[in-house]
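**Student:** Sequence:
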Amino acid sequence: MFHTNVINQLTNWIEDNLQEPLNIKTVALRSGYSPWHLQRMFKSITGYPLASYIRIQRLNNAASELKKSRVTVADIAAKYQFDSQQSFCRAFKKYFATSPSHYRRFSLTSRSSGSANNQ
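Using full-length UniProt numbering, the first residue of the sequence shown is number 1, and each one after it goes up by one.
Among the hints, a few may not be true.
[As the list claims (entries may be wrong)] Using 27 Å as the maximum straight-line C-alpha spacing, the simulated BS3-like pairs for lysine-lysine come out as follows:
| id | residue 1 | residue 2 |
| --- | --- | --- |
| 1 | K67 | K43 |
| 2 | K79 | K43 |
| 3 | K79 | K68 |
| 4 | K67 | K93 |
The hints are simulated quantities; they were obtained by calculation from the structure and are not laboratory data. The structure presented is a predicted model; accordingly, all values stated were derived computationally and were not measured.
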């Protein structure tokens with residue numbers, strides 16, 4: 001129970017700090033556990049390795065931003081701590097099975113056709 005509370009607090013903190021340079025070492029320092037112990041505990045509770053969880057959260061936030069804003073793909077990649085636009089695009093395509101620009105176009109098309117249908 002205690003470990004679950006620690007992990008819940010950490011996931012909230014991670015989600016609030018996705019724009020910061022997070023890695024296993026920084027999260028372990030925040031938690032007070034060794035990186036090794038934290039990784040084992042995190043995966044046993046969430047089902048995800050810590051680094052994967054951070055990446056998934058960043059990709060989900062980036063996808064939301066692609067839908068809602070006109071910020072460039074390069075700026076979104078930098079905001080969510082990807083090394084380059086190319087590495088962001090590769091990770092995005094692997095996770096969502098489409099490129100960020102196609103995802104944005106599809107989201108805008110869906111939104112505009114949905115609002116046209118509501119009139």
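**Student:** If a hint holds in the structure, say so; if it doesn't, say that too.
**Tutor:** Against the structure, the hints come out as follows:
{"no.": "1", "hint": "K67 / K43", "verdict": "violated, 30 Å"}
{"no.": "2", "hint": "K79 / K43", "verdict": "holds, 26 Å"}
{"no.": "3", "hint": "K79 / K68", "verdict": "holds, 15 Å"}
{"no.": "4", "hint": "K67 / K93", "verdict": "holds, 15 Å"}
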